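Engineer: So you can see what is in the structure, the chains are spelled out below.
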Amino acid sequence: MTIKIRYFASLKERLGRSEDTVAFEAPLTVKDAWYRANASQALPVNVLASVNMEYVDLHSIVQDNDEVAFFPPVTGG
Amino acid sequence: MTIKIRYFASLKERLGRSEDTVAFEAPLTVKDAWYRANASQALPVNVLASVNMEYVDLHSIVQDNDEVAFFPPVTGG
Amino acid sequence: MTIKICPTAFDPWEEVQAYQGNLPGGSFGATTVFIGTMRDFNDGDDVTRMHLEHYPGMTEKQLEKILDKAKQQWQIIDALVIHRVGAILPNDPIVLIAVWSTHRGDAFDASRYVIEALKTTAPFWKKEVLTTAQERWVTKNTDGYNAG
Amino acid sequence: MTIKICPTAFDPWEEVQAYQGNLPGGSFGATTVFIGTMRDFNDGDDVTRMHLEHYPGMTEKQLEKILDKAKQQWQIIDALVIHRVGAILPNDPIVLIAVWSTHRGDAFDASRYVIEALKTTAPFWKKEVLTTAQERWVTKNTDGYNAG
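Residue numbers (my numbering), protein chains in the order written: chain X, 1 to 77; chain B, 1001 to 1077; chain P, 2001 to 2148; chain H, 3001 to 3148.
Same shape as in the complex, but just chain X:
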């Protein structure tokens, strides 16, 4: 099973890339997905996460083909 992870805004700049693909077999949380892709980077404080464009908490379980995203607090409007 695989998921796509996307990064936005300052987080994307800091990581130096806009997406990752992560393969997994056992059930994986959103937080686990971050550490699969960013072993050496602590999950930023205040980070927001979505799965398939809906906000989720970091303990949600991801499914095959999900699109996970991490991004800083939003500042539109």
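Any given hint could be a false lead.
Covered stretches of chain P, as calculated for chain H (at least 3 residues, CB under 8 Å) [claimed, not checked]:
(1) 2076–2087
(2) 2127–2139
Which chain H residues stay away from chain X? Per the calculated CB distances, all over 10 Å, these [unchecked claim]:
(3) R3039
(4) Q3073
(5) G3086
(6) L3130
Output of the computed footprint for chain P on chain B, the stretches with three or more beta carbons under 8 Å from beta carbons of chain P [as the list claims (entries may be wrong)]:
(7) 1033–1040
(8) 1055–1063
(9) 1068–1074
Just so you know, the hints here were simulated from the structure itself, not pulled from any lab data.
Please read these numbers as outputs of a predicted model, since none were measured by experiment.
Glycine included, C-beta positions come from ideal geometry on N, C-alpha and C.
Chains B, P and H: place on chain X using the hints.
Structural biologist: Just chains B, P and H now, with coordinates in the frame of chain X:
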């Protein structure tokens, strides 16, 4: 001493006139002014009153040449 | 701060666009506009037109007081108030309140204050003409916070 | 209910005028419009331009959820939300929220709700370019109720 009294909207229609002139000598309240001009008509409930285009209560004393007005609750906007 | 009593129909968007064109660009971050438009129904009846009476002189004076109070309470850069008088048809704008400020909280709160204060203290009176040709004075304004 | 993500400059007054032209005349009594405009200063610094990033797909989805919630809570006839993305200059409108309703309380409350919800949940991010050529991400939105 004289004052002008003006009436607006439904009150003007009911009285059938838009203004009166009232002459007086002793101190006169806004309420007194109404009864000088409308002896037979009770002061309407909820009526609003102004003197020289500022809201006043009915016990305010009028001065020579004041413009007094009576009108129903306002309904603009 | 500008107040206009307007005896003929006006286009609210053109008025605001033109007024904003005279404000220094880049100075304001928030604009709120409220427009009250004549509906073709009220209190369950079809309304064909309306006559809006006012007290010339006192109306302007009271509107100025309202804007002064708003300016004391909130950080406002500028404000425009336009109110129709005379014969009004359904779909005509009756009132326009536009407020410019640096931050949105001020513009929202001030414009809400101005319309509520206008509706309770500015001397305007509406008389409706129904499709039955019956005429009736509107006797009170609805509450803006719990509008029925 | 219409949501537009707009990569180029737009005229808010013309957008609202055109949109309202398609609504049935006489049906609405209240219109509120909020416009957020780019200022040429922020946090004490002069800002020359801004880049607005978003998450295509999620942004629209979240804005639709916000409008749906507003429609559940208030009596809304229609609403229009436009938000810029990409390169933005001072004095450019960034966001437009227009709400049409029968009574003013609904339009005011709904538009206030929509802008606050947009600012906390719609995935947009602003990066400012200062006159010093320094770039910085805006890290949080001001509180709309007690805007500093």
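Engineer: State for each hint whether it applies.
Structural biologist: Hint check:
no. : hint      : result
1   : 2076–2087 : violated (count 0)
2   : 2127–2139 : violated (count 0)
3   : R3039     : holds (13 Å)
4   : Q3073     : holds (19 Å)
5   : G3086     : holds (13 Å)
6   : L3130     : holds (16 Å)
7   : 1033–1040 : violated (count 0)
8   : 1055–1063 : violated (count 1)
9   : 1068–1074 : holds (count 5)
Hints 1, 2, 7, 8, counting from the list given before, are not met by this structure.
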